[in-house]
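Visitor: Here is what each chain is made of, one letter per residue.
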Amino acid sequence: MDIGLLYHHRRLALIRLAVLLVDDLATAEDVVQDAFTALLRRHGHRLDELGEPEAYLRTSVVNASRSVLRRRRTARRAPLARERPCPPPEEYVLLREEHREVLGALGRLTRRQREVLVLRYWSHLTEAQIAQTLGLSRGTVKSTASRALAALARHLEADR
Amino acid sequence: MTARRHEDDEDVRERLRAALDARARLVGPEHLRPPAPPYAPVAAGPHLRRAALVLAALAVVGATLLWWDTRHHDLPAAPVPVPTVTRTAPMPASPPASSPSVPAQDIPAPRSP
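Keeping their order, the protein sequence lines are chains Z and A.
Start counting the first sequence at 1; every next residue gets the next number (our numbering).
Start counting the second sequence at 1001; every next residue gets the next number (our numbering).
Since the hints were derived computationally from the structure, they do not count as laboratory data.
Among the hints, a few may not be true.
[Unchecked claim] Simulated restraints, written as ranges between beta carbons of each label pair: (1) His124/Z with Ala1051/A: 43 to 49 Å; (2) Arg46/Z with Arg1025/A: 30 to 36 Å; (3) His43/Z with Glu1007/A: 15 to 21 Å; (4) Gly4/Z with Thr1070/A: 48 to 54 Å; (5) Arg42/Z with Glu1010/A: 39 to 45 Å; (6) Arg42/Z with Asp1021/A: 29 to 35 Å; (7) Asp1011/A with His43/Z: 40 to 46 Å; (8) Gly51/Z with Leu1066/A: 54 to 60 Å; (9) Arg1017/A with His43/Z: 29 to 35 Å; (10) Ala26/Z with Ala1056/A: 25 to 31 Å; (11) Gly135/Z with Asp1011/A: 27 to 33 Å.
[Stated by the list, open to error] Pulled a few chain A residues facing chain Z out of the computed Cβ check, cut under 7 Å: (12) Val1012; (13) Arg1015; (14) Leu1016; (15) Arg1017; (16) Ala1019; (17) Leu1020; (18) Arg1023; (19) Ala1024; (20) Leu1026; (21) Pro1029; (22) Pro1034; (23) Pro1037.
Backbone N, C-alpha and C define an ideal beta-carbon position, used for all residues, glycine too.
Next up, chain A with everything else stripped away, as it sits in the complex (with noise of 0.2 Å):
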C-alpha cells in the first residue's frame, strides 16, 4: 500500500514537473520585449555626456559674447536724465487778437509827419 501510494506520489511529482517545465519553455528569448536594464540611463552615459559638454560649450561661447559686447559698446557710464515735464499755462486755442497773426509784411508801416 505504501509502496502503491509512494508510486502515484512520484507520478504527480514527475507529470508535475513536466508540466512546469513545458509551460516555462513557451516563454522564449524571442517572446520577451527588448532588454530594457534599470541602468540604461547610465549605460547610455556616454551620450549624456556628450549632450552636456556640448550645453557647457555653447553656455560658455554665449557668456563670452555677452561680455564682449558689453565691453565694446559705448554706454552711458550715468543714466540718461530725463527731461521733465513742467507745468505750464496752457496755451489759448487761437493767437490773441494782438498778435502778430498777420505776416509784417502785409503791415503797413506808420506814415510820416
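Next comes chain Z alone, as it looks inside the complex (with noise of 0.2 Å):
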C-alpha cells in the first residue's frame, strides 16, 4: 500500500481518534500529522514491507496522544498554571446534553481506562488488537474494559 493512499482514507479517521483522546482538534491533527510523518521517515513510500500500516499509525497515535496528555498534566502541576480546570472545546455546544454528560464522565477516568474504551467502543477493535495497540496483555485490557465501564457507571450515576 501507498502512504499518499493510506493518508487519503484514514486521516480523518485517525484525527477523529486523537480528538477523543486528547479532546482538542488542533492538537489531533499534529499527532496525526506526526504519526504520518514518522512512517514515511521510517518506511518510505513503499508499506509492503510493514504488515499493517493502518495498526502501526493506530499505535502512533495513541503514544503521541499520550505524551500531549501527559504534558498537559506537567503543565497544570506547574506553579503558574491556572487552578481552573480547562473549559470544555466549544464544540460541546453542539452535543446533546446526555452526550455530554457521556464525555464528561470519560473524562474522568484514568487515560488507560479512557483509551480502551474509546478503541473498543469507537474505533471497534477486539481485545486482541486493542493489547496490541496498548502494548498490554488481553487480560489487561479486559479488566481495564471491565473497570473502566464500571466507574463510568458510577460517575454517570452520581452526575444525576
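Starting from the two chains in their separate frames, assemble the complex, guided by the hints.
Guide: Structure below.
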C-alpha cells in the first residue's frame, strides 16, 4: 500500500480517534500529521514490508496522544498554571446534553481506561487489537475495560 | 439481579457508543486544515525538477560565456613586470644657483676680444 492512499483514506478517522483521546482538534491534527511523518521517515513510500500500516499508525497516534496528555498534566502542576480546569471545547455546545454527560464522565477515568474504552467502543477493535495497540496483555485489556465501564456507570449515576 | 446488571452495563455501553460517535462526528473534513501530506515535497517533484533544470542550464550558459571570454581576449602570456622603484638621492627643493634656471635667450653671449 502507498502512504498517499493511506493518508487520504485514514487521516480523518485517525484525527477523530485523536480528538477522542486529547479532546482538541488542533492537537489531534498535529498528532496524526506527526504519525504519518514518522511512518514516512521510517518506512518510505512503500509500506509493503509493514504488515499492518494502519495498526502502526493507530499505535503512533495513541502514544503521541498520551505524550500530549502527560505534558498537559505537567503544565497543570506548574506553579503558574491556572487553578481552574480548562473549559470544554466550544464544539461541545453542539452536543446533546446526554452525550456531554457521558463524555464528561469519560474524562474523569484514568488515561488507560479512556484509551481502552475509546478503542473498544469507537474504533471497534477486538481485545487482541487493543492489547497490541496499547502494548498490554489481553487479560489487562479485559479487566481494564470492565473496571472502566463500572467507573463510568458510577460517575454517570453520581451526576444525576 | 445479574440480568438487571447486564442490562445496566449494556445501557452504559450504548450511551458511550452514542456519545463517542457524536463527538467524533463533530470533526468533519470541512473542519480540518488543508491536507499537507508528509510526502508533499515529493508530490512537488515536477516543479523542483524544472527549477533544477533551469539552474543547470543557467550554469552551463555561464560557464560557456566565461570560456568564450577567456579564449577571445589577448591576455598576456606572462605577467606584466611591475616597474621597480629605485631609491635615488632626494631632489633639492629648489634648483641650485648654478643651474640654468634662466632661459637661454636671456643669457648674454660672451664678448669677443
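Visitor: None of the hints should be skipped; say for each whether it holds.
Guide: Each hint, compared with the structure:
{"no.": "1", "hint": "His124/Z with Ala1051/A: 43 to 49 Å", "in the structure": "holds, 47 Å"}
{"no.": "2", "hint": "Arg46/Z with Arg1025/A: 30 to 36 Å", "in the structure": "holds, 33 Å"}
{"no.": "3", "hint": "His43/Z with Glu1007/A: 15 to 21 Å", "in the structure": "violated, 47 Å"}
{"no.": "4", "hint": "Gly4/Z with Thr1070/A: 48 to 54 Å", "in the structure": "holds, 50 Å"}
{"no.": "5", "hint": "Arg42/Z with Glu1010/A: 39 to 45 Å", "in the structure": "holds, 42 Å"}
{"no.": "6", "hint": "Arg42/Z with Asp1021/A: 29 to 35 Å", "in the structure": "holds, 32 Å"}
{"no.": "7", "hint": "Asp1011/A with His43/Z: 40 to 46 Å", "in the structure": "holds, 43 Å"}
{"no.": "8", "hint": "Gly51/Z with Leu1066/A: 54 to 60 Å", "in the structure": "holds, 56 Å"}
{"no.": "9", "hint": "Arg1017/A with His43/Z: 29 to 35 Å", "in the structure": "holds, 33 Å"}
{"no.": "10", "hint": "Ala26/Z with Ala1056/A: 25 to 31 Å", "in the structure": "violated, 42 Å"}
{"no.": "11", "hint": "Gly135/Z with Asp1011/A: 27 to 33 Å", "in the structure": "holds, 31 Å"}
{"no.": "12", "hint": "Val1012", "in the structure": "holds, 5 Å"}
{"no.": "13", "hint": "Arg1015", "in the structure": "holds, 5 Å"}
{"no.": "14", "hint": "Leu1016", "in the structure": "holds, 5 Å"}
{"no.": "15", "hint": "Arg1017", "in the structure": "holds, 5 Å"}
{"no.": "16", "hint": "Ala1019", "in the structure": "holds, 4 Å"}
{"no.": "17", "hint": "Leu1020", "in the structure": "holds, 4 Å"}
{"no.": "18", "hint": "Arg1023", "in the structure": "holds, 6 Å"}
{"no.": "19", "hint": "Ala1024", "in the structure": "holds, 4 Å"}
{"no.": "20", "hint": "Leu1026", "in the structure": "holds, 5 Å"}
{"no.": "21", "hint": "Pro1029", "in the structure": "holds, 6 Å"}
{"no.": "22", "hint": "Pro1034", "in the structure": "violated, 11 Å"}
{"no.": "23", "hint": "Pro1037", "in the structure": "holds, 5 Å"}
Checked against the numbered hints above, the structure breaks hints 3, 10 and 22 and satisfies the rest.
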